[in-house]
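Add chain B to chain A, keeping to what the hints say.
Protein chains: 2
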Amino acid sequence: MMTEKSSLGIVETKYFTFAHAPDELVLESGQKLGPITLAYETYGELNKDKSNAIWVCHALSGDAHAAGFHKDDKKPGWWDEMIGPGKAFDTNKYFIVCSNVIGGCRGSTGPSSINPKTKRPYGINFPVITIGDMVEAQRHLLDELGIERLLCVTGGSMGGMQTLQWVAAYPDRVKSAIPIATSLKHSPQQIAFDEVGRQAIMADPAWRGGNYYSHVQPERGLALARMIGHITYMSDQSMEEKFSRRLREGDYRFTFAPEFEVEGYLRHRGDSFVQRFDANSYLFITKAMDYLDLSGEKFIPQDKKISTSFLVLAFKSDWLYPSYQSRDIVSFLKSRDVDATYCEIKSTYGHDAFLLELDEETHLIHHFLARISQSVKNGNGR
Amino acid sequence: MMTEKSSLGIVETKYFTFAHAPDELVLESGQKLGPITLAYETYGELNKDKSNAIWVCHALSGDAHAAGFHKDDKKPGWWDEMIGPGKAFDTNKYFIVCSNVIGGCRGSTGPSSINPKTKRPYGINFPVITIGDMVEAQRHLLDELGIERLLCVTGGSMGGMQTLQWVAAYPDRVKSAIPIATSLKHSPQQIAFDEVGRQAIMADPAWRGGNYYSHVQPERGLALARMIGHITYMSDQSMEEKFSRRLREGDYRFTFAPEFEVEGYLRHRGDSFVQRFDANSYLFITKAMDYLDLSGEKFIPQDKKISTSFLVLAFKSDWLYPSYQSRDIVSFLKSRDVDATYCEIKSTYGHDAFLLELDEETHLIHHFLARISQSVKNGNGR
Chain A
6 MMTEKSSLGI
16 VETKYFTFAH
26 APDELVLESG
36 QKLGPITLAY
46 ETYGELNKDK
56 SNAIWVCHAL
66 SGDAHAAGFH
76 KDDKKPGWWD
86 EMIGPGKAFD
96 TNKYFIVCSN
106 VIGGCRGSTG
116 PSSINPKTKR
126 PYGINFPVIT
136 IGDMVEAQRH
146 LLDELGIERL
156 LCVTGGSMGG
166 MQTLQWVAAY
176 PDRVKSAIPI
186 ATSLKHSPQQ
196 IAFDEVGRQA
206 IMADPAWRGG
216 NYYSHVQPER
226 GLALARMIGH
236 ITYMSDQSME
246 EKFSRRLREG
256 DYRFTFAPEF
266 EVEGYLRHRG
276 DSFVQRFDAN
286 SYLFITKAMD
296 YLDLSGEKFI
306 PQDKKISTSF
316 LVLAFKSDWL
326 YPSYQSRDIV
336 SFLKSRDVDA
346 TYCEIKSTYG
356 HDAFLLELDE
366 ETHLIHHFLA
376 RISQSVKNGN
386 GR
Chain B
6 MMTEKSSLGI
16 VETKYFTFAH
26 APDELVLESG
36 QKLGPITLAY
46 ETYGELNKDK
56 SNAIWVCHAL
66 SGDAHAAGFH
76 KDDKKPGWWD
86 EMIGPGKAFD
96 TNKYFIVCSN
106 VIGGCRGSTG
116 PSSINPKTKR
126 PYGINFPVIT
136 IGDMVEAQRH
146 LLDELGIERL
156 LCVTGGSMGG
166 MQTLQWVAAY
176 PDRVKSAIPI
186 ATSLKHSPQQ
196 IAFDEVGRQA
206 IMADPAWRGG
216 NYYSHVQPER
226 GLALARMIGH
236 ITYMSDQSME
246 EKFSRRLREG
256 DYRFTFAPEF
266 EVEGYLRHRG
276 DSFVQRFDAN
286 SYLFITKAMD
296 YLDLSGEKFI
306 PQDKKISTSF
316 LVLAFKSDWL
326 YPSYQSRDIV
336 SFLKSRDVDA
346 TYCEIKSTYG
356 HDAFLLELDE
366 ETHLIHHFLA
376 RISQSVKNGN
386 GR
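Line order of the protein sequences matches chains A and B.
Going by the numbering used here, the first residue of the first sequence is number 6, and it counts up by one from there.
Going by the numbering used here, the first residue of the second sequence is number 6, and it counts up by one from there.
For the record, the hints were derived by calculation from the structure and aren't laboratory data.
What you are looking at is a predicted structure, and each value in this text was computed from that prediction instead of being measured.
Mixed in with the good hints there might be a few duds.
[Unchecked claim] For each label pair, taking beta carbons as the anchor points, the in silico distance ranges come out as:
no.: 1; chain 1: A; residue 1: Lys124; chain 2: B; residue 2: Ala211; range: 33 to 43 angstroms
no.: 2; chain 1: A; residue 1: Tyr20; chain 2: B; residue 2: Asp333; range: 53 to 63 angstroms
no.: 3; chain 1: B; residue 1: Lys321; chain 2: A; residue 2: Arg341; range: 25 to 35 angstroms
no.: 4; chain 1: B; residue 1: Asp344; chain 2: A; residue 2: Lys10; range: 53 to 63 angstroms
no.: 5; chain 1: B; residue 1: Ser249; chain 2: A; residue 2: Asn130; range: 23 to 33 angstroms
no.: 6; chain 1: B; residue 1: Gly91; chain 2: A; residue 2: Asp342; range: 52 to 62 angstroms
no.: 7; chain 1: B; residue 1: Ala211; chain 2: A; residue 2: Tyr257; range: 23 to 33 angstroms
no.: 8; chain 1: B; residue 1: Gly91; chain 2: A; residue 2: Arg253; range: 43 to 53 angstroms
no.: 9; chain 1: A; residue 1: Ala375; chain 2: B; residue 2: Ser336; range: 44 to 54 angstroms
no.: 10; chain 1: B; residue 1: Ala211; chain 2: A; residue 2: Lys310; range: 56 to 66 angstroms
Where a beta carbon is used, it is the ideal one built from N, C-alpha and C, also for glycine.
Bound conformation, chain A alone (with noise of 0.2 angstroms):
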């Protein structure tokens, strides 16, 4: 039985500095970043032996607000329906932790940051960065909270990306995963949609070569980036539902403005990300997604057994991250002996299912962890 949902209320972000000089974090490049900030949120109790902490990672233009309310905002955490007392994640017996990812614009540092070095903003000059780097800045997150191993880790795309980085980096730190609408690497298919992209951003004048902080940002080509991100997440089918041929009110017939309701949607959905995103962010976010590659050996070296227990979810309407992506996440975990099940939900949102099929996203993982949580109880959790 679940109890009644209710909200968490008001949240606050909170902010962890590490990897000061000279023991700053060394990325996969072999470059070196530091200090780093690490903005978080955590919502719920952690219990005393620390057995009941959830990792939630955020996808691409993802925060670590990912759920409540910020004071004075009337928008709640982009997970919150997934998020709080009675919830999937039940704050009333899980910690949650969410962080926003390096290489980010909200909170974490990333090439918007200042470069103590040379007190002007990373920009381009900000080190690449990797789905790994990310997770490792995380890891030094979770060392400060003194967790020593978490119930569970999750997310969606990018964040299920991290997910999966997480068990393949410290398996043992990782009682369960689940994996969301994700995959062990980026397809070509998926890494020419980011390429064009960051192309559309790099190619807009306003990016100055990435040096446009003292100036007003790439608007356009982020823009752009976003709403060819869209179309990728929408399937045809509920663009079908939610457009149609419709036009938008006023007369815009043979004239190159935004005629269709689904030119206009996209339009607003490319002006309004501009006000919230950095253009540098979304290149070196992107550019991380398409280096993952856990395939095989990657994830789980040959020698090496896991106990972590998976839950993986797709969606059939998602062809972003197509559910064969999950189905080969599960072929290699059954291969490798690792408990996993896996659900394909049934959905026409596409890639935005995994933000927005919360009765069938809540009921799974509902059953999953209360399973989970049961053998931590009885003595199998490590």
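Same frame as chain A, now just chain B:
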């Protein structure tokens, strides 16, 4: 039995100019356009009773040069494998016509043409045209050639849209039609991809509101539009087969240069496209495609009985013009008792398949045309 295939050898583009003031072409928008020049090519010989003419319509970036070789050019026309002696459109039997669409930039009147009223290129002041306008211009050329009735109209993608429009506008002048990988109307997803391409062009400062003809054209914007296009022309599987996650030669690791082969390919296709295509034409032609809506009555009015025979072809992996759109065409035709054969060709090439699955297309088209020709010879032609 099919005869030995051979090449058409050297062919030449011809030009036909009509619609001189005051008898300009009245467009669907109500605006007038004239004089209009159509670039066109013909292959084979028109027979005595002018009953063997086949009209080939090109796609977005195609042109009148469908087959054979231009003098001093090693690259044949865009459908050379399909048109020539012994080929699907057998020039030993049929007289083939292909003309560049109005709005284009390959010899027919378009935004880069000189507006006789201003003595300067039309630019963005070129009237917004429709697929109907394109076909209406072609109908003038058909009259000029003295052909009353076409044995067949065919084309893939936008060529298929023109094919359908030919039947919608002049059912009595079209004995048969072979629309390939096309749709009666663009879905919101198709509109969305076109719109992002247009936005990419118009966001390029080099576009200059469409008045760039005394400068360099908006190359980066047009290249971006083409890159987006190319992703949609291929399939997830064909990209995997062609590129997988292979890297380009050279050390681009941890940079934002094209590093994966797929990135290099897209960049190359974008860059080469701007050498041969006009950015404003891209705007006008994609807009024309988005406008087409031949659903229901707009295709064939309730009280109209048409005798055109159809061969409708689609490709399994084509997600830009998914096969359900072709099945929709066939369902509608069947509901109106129109002779229609449908074939979904197995292919991994995606939308590009209409230019690549030549054996299968040849087989199907060869037999369809033989049947149609026989029916004409038997006097059932009209």
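Against the structure, the hints come out as follows:
no.	hint	result
1	A/Lys124 x B/Ala211: 33 to 43 angstroms	35 angstroms, holds
2	A/Tyr20 x B/Asp333: 53 to 63 angstroms	55 angstroms, holds
3	B/Lys321 x A/Arg341: 25 to 35 angstroms	33 angstroms, holds
4	B/Asp344 x A/Lys10: 53 to 63 angstroms	59 angstroms, holds
5	B/Ser249 x A/Asn130: 23 to 33 angstroms	31 angstroms, holds
6	B/Gly91 x A/Asp342: 52 to 62 angstroms	59 angstroms, holds
7	B/Ala211 x A/Tyr257: 23 to 33 angstroms	25 angstroms, holds
8	B/Gly91 x A/Arg253: 43 to 53 angstroms	51 angstroms, holds
9	A/Ala375 x B/Ser336: 44 to 54 angstroms	48 angstroms, holds
10	B/Ala211 x A/Lys310: 56 to 66 angstroms	58 angstroms, holds
In terms of the numbered hints stated before, the structure departs from none.
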